[in-house]
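Novice: Line order of the protein sequences matches chains A and B.
Just so you know, we're using the numbering used here here: the first sequence kicks off at 1 and counts up by one.
Just so you know, we're using the numbering used here here: the second sequence kicks off at 1 and counts up by one.
DSS-like mimics (lysine-lysine), calculated; alpha carbons at most 30 Å apart, straight line:
id : chain 1 : residue 1 : chain 2 : residue 2
1  : A       : K696      : A       : K617
2  : A       : K556      : A       : K163
3  : A       : K24       : B       : K136
4  : B       : K56       : A       : K24
5  : A       : K671      : A       : K184
6  : A       : K11       : B       : K173
7  : A       : K11       : B       : K136
8  : B       : K173      : A       : K24
9  : B       : K136      : A       : K37
By construction, these hints were calculated from the structure, which means they are not laboratory data.
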Amino acid sequence: MYLESRRTFLKGTALTVAGAAIAKGVFTVDAAAESVKESKFTNTPDSLSFYPPQDQWNHFQELDGVDWKRGGIDRHGVQSENNPDGIYVNDYMIVPTACSNCEASCGLTAWIDKKTFTVKKYMGNPFHTGSRGRNCAKGYAVQSQMYDPDRIPFPLKRAPGSKRGEGKWIRTTWDEAMTTIGKKMADTIRKGDLLSRKSVMYHVGRPNENGFVPQVWETLGLDSYNSHTNICSSNGRTPTIWTANDDRTSPDWANAKLIFLNSSHAADAGHYFAQSAAFIADARKKGAKMVVMDPRMSNSAGMSDLWIAAWPGTEAAIYLYLANRILNENMTDKKFVKKWFNWETLMNDSEHLNFMLEKGQITKLPADRSFESYIELLKDMYAPYTLDYAVKETHVPAYKLEKLYEMFIWAGDAISTYIWRAAAAGNRGAWMGGRAAYFCIGLRGAIGTEGGTFFHHWHVISVSGKGGSATVGQGISGADVPKVQAWNELTWPPEWPLSTYEMSYLLPHLLSDTAWQKKWNDRGLTVPSKLAVWIPRMYNPVWINPDGFRWIEVLKDESKMELTMNLSPVWSETNWYMDYVLPVGLAGERHDQHSEATFPARWSTFRQPVLRVALEKSGWKPKNPARATLEAHIKAGLGEVWEENEFWFQLCTDFIDPDGSLGIKKMWESKRHPGKTVTIAEWYDAAFGDNLPKLKETATNDPRFMNEEFPVYSYLREYGFWMEEDKIYHAMERELKMEDGEVISHGHKFDAGSMSVGAGGIIKALDHNGKEKSIGVEIDGKKMEGFATLSKKLEFYTQWATDWKWREYAMPFYPRNEDEKNQYVHLVSHVNHKYMTEENSFALNTVFRLPYNIHTRSANSKHLMEISQNHDPIWISTGDAKRLGFKRGDAIRVRIVDTVSGLESGHFVAMAVPTEGVLPGTLACSHHGGRWKLTNAVTIPNGVTDGKVAPGVAPRDLGNKEFLAESPANVGKVGGQSIIDDYEGTTGLNSFGVPVAEIQMDGKVGKLKYVEGIKPFHTERFADYNRDSGNIWWDGLSGSWQNAVAAPHPDPVSGMHCWHHKVLLEPAQAGDKIGDIFVNYDNNLKVYQAWRDTLTRGLDSNSTLRRPRHIKRPWVNLDPSVYEVNIKS
Amino acid sequence: MDEIIARSNLYALLSRILLQELDVERLEILRSDAIVLEFMPHWRDWELREDTDAQKLLEEYLNPDFTNLSLLHLVPYETFYTRSDQMIETGGANPVTDIYSAYDFLVDYEVARVVSSDHIGIEMEFMHHLCEAQLKATEEGDQEAVQELIRVQYEFLNTHLLRWAPMYLINMKYESRTPLYYDTAEMALEFILSDNETLSGLVQA
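Throw the hints in and build the complete structure from the sequences for me.
Specialist: Here's what the structure looks like:
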């Protein structure tokens, strides 16, 4: 048949039209095909690894993504002269930097297209051994933030004649701003009196650097470096300080058998999320189990092996239940406990043992002072923490607690935990939860082990402020900088001598509370009643801090805050009330040394302004080396966006102390080029090189860098990362190192000749100032560094607590019955179930992050706003919702009531979402919702009356010699204002993430109501990156600004603002809309005063010190004399 | 020589009909070419073929049928038949693109209007081009190239078209609602099977 057919088909020859004319002709064999042949690209990638070898980073070609996903080069070929329609080939320079969106400092690489001099994408940095080339959504979002159409294009100044908050702005120059601010700072500093050293305040939200700005404040001689920490993590740090005198936990997730999370932190949000989550995944792959303790079913809880939903603030009861069983079932690692617990201190303290007996903490005194008697004492003390007790207090079912114990024992000494926010940040007294956690982990010997839990200072590098040898005046690592001679009561008030960090969220209250100021002035202190200059950075206290209306009141008051400026690349609620908003760079636009304890190693990133680095590597030189980053960003079209390092260098040398009379200029004057401001390369080459010997050795022996002027800086510029030390375990057992007559402990040097061993094996020696310090401990004849505590051991008996009036909390403890709850109220959460007396009362859990949002800093990212939708309802258990008649989507009034004063703060209106994912009786609503702005856009003309300068003539192209040869002149000066690309004078305010609201406030009562949600828009600025801004589909209206309703709740010990609230739920009333808030901020002031007056144990006429000397006071080095105090009766 | 011209023409003819809706110009060829009509007897005998306005014939009869056969109801892509998950491979992993690339052929998707290069019309047009190349080599007396091109055609036919096109064409024949596409399906099926015999003989020789 087919042979016949074949004969038939031969007739095809006789078609009237040739085949070529009939065929469609879908193939091209022209330039497109040739273009592929001539390129290095193949149809399918050879590998899915996206990290080119480092030696190709300066020149790496990659096809543009647009067509690649639809058939790649098969579609149009590769773009070339002969094939102009082909796929664009990006000719990249890859520059390493580090993310700055959260605190983890994961590695990033900016992929800079040379032909357009733009960052086409941010990827991971494969050399970063913590993030290992990976990033979370926030890392990749850096690009959308860089090309945010609403980013602040130039320095802004409140319009003359207008009041703060009116929203009238003019463009100013960096020079004008620095002149005004520098003069005000200088005038204040020049007074030289005590008050002046407390009146120029820097107030940082997310530092994301290790010591640079603190060093600036130290050279200024000021005790006014302020941080956000007490709204963040103080209750998480306090247990670490009391136990190990360290700042925070440092887990070894990757090698753990039990991942014991006391929140959703680590695995799905919060601290070091991306790195931690990846290490946790590694561990689980190897068989590790994960327990998540959280009243809310977070993403982590949802994928855990065991979810423990404990009543907020009762977590200590669970840890002590574990301790009871470990001790009484003889599962204690006695070898570790005997070696590293300070049991001898307790057993030798008869007075305290008697106190414990008297208080009923133990039932009998120990038979003798032996270790075995110590163990018997612990068994006695913790025996009351039974399963029944724990179930009743925590509301966790018995089977879960028993399962937890099984897992805890199964994991041996490989239990990793992280004590940070969540319970600690939410509840009064929750610092004891962390302490109890360390206690039961310590009983199992899981401290410092592989897979265990350790402490921060061994795993971090802090050298950012130590570039002193590059300057005329600071000396090596800042050794010659005078110690600060002041103690600022606005940041370290006398009521909270043990506060972990500054009481920063009380700043407006302390400035408003004239009675408080008078009280302490009358008693001999010098309390500021105003600030000459207030400088927030990456911080938005109006929105994020409790009692936001109080912040607005004080910020608007020019008699309390005389001059204010925010170093901020984006708009914020706080910026709206500033005198100046100065745009400094985001993650890929600034220099920082940044290290965090994400795994048992010492590593640091080197954050860089990537476009500047690309320019310099291509041969460009700035006209003004002191403003190189500013010039580079203008060249790149970002606007007059600078960075803080250069800003502070030059503010000190040229604007605060231009003639050197204050002694500040020389601190930031280049040693290499006297008279000039120190440069970035000089500073960081010294900061890293003087303090990280392995890095220095590597860089100076590498043929690529050894002949460079700044080899260490050059190394970091290429890699963006360095790991000085890996696999740091059992570091407390390190033997003291002797070197040239000196003994080294914890990185500090002491006189070896003065070394002596005293009681408890404690080794003492003299420091460089001739002061005797405890430097180590001798155990079994071995001289070791030990922990940073006074006893050099883990202090589960904190003897010094007695000196500071907290004797009853010297041991891990939690009230065992209702009577004790009244007696030990400082350890009882203000939202404990005992306070839930009304049918509609609940404990509101506020302290969790919306996974893709970053506190106040994500509203400028289209990418993050789209995937999170800024969505923030109130979670309520299905049973509670049914009981109260609430359905999904209902608006409900959430009234906040204080359980100390009984006062009501007001209410917010939220959207109900009934769920099985929250513990009955508790609610969850993240305090990261409810951003607002008062107007959709502001108009600030592009440039001033004259002097609009084009940023350049040559097209932006790193391969173009003319482009590299030119640089804008007079940047930051009058007449040097550059034209901002595609900016016509009007800009939106966080158009992707912040809806418009109206606020009313009268000094006592405040209200907010949203009037317009987020809408699609069109932008010309960075249009190519934002061409989908017309597709916005979310309105951002599901959250409430609940922080403003919240009254400050200062923990009496740690100073932490305890975020949770007792709330009463009601149906919304007529006219209520989701997002509405009503605040009685007059009451909020009284709530703060009630917590202060009822709960704290501050300094008094018997006090001789403001704070224990051995507990670190962060940031600036204080002269030892300022710790001394004399309080009048 | 006749054989290669005939094969080239028929691959071109079939590829065009199977690739896209017809245009008026090509419809006129199909309506009038005696050889075509001899190949397609039902089409030849269809009463609407001769007298209906070309545009009307396309819009009301032929194009709806084509849409049904190649876009809506049936799937004229190789990977649909050869992948276990029946997904069309539109990316670089499509099995035919590397072969096209090896001979410097690149599908112009703007012209082809297909989602991937393993469409039956594309594969048939590729065969047409190979035939044209063979014809050129024959005219130039390059026997080595001729043999090589015969081998390539044989391999492509066996590795690709014959592995799946019969299934599509049989379905097409039964689903078609106009004589043109009915005859095209039958003719195409017969032709590729026949061509395989032709090429088998040539390769063995």
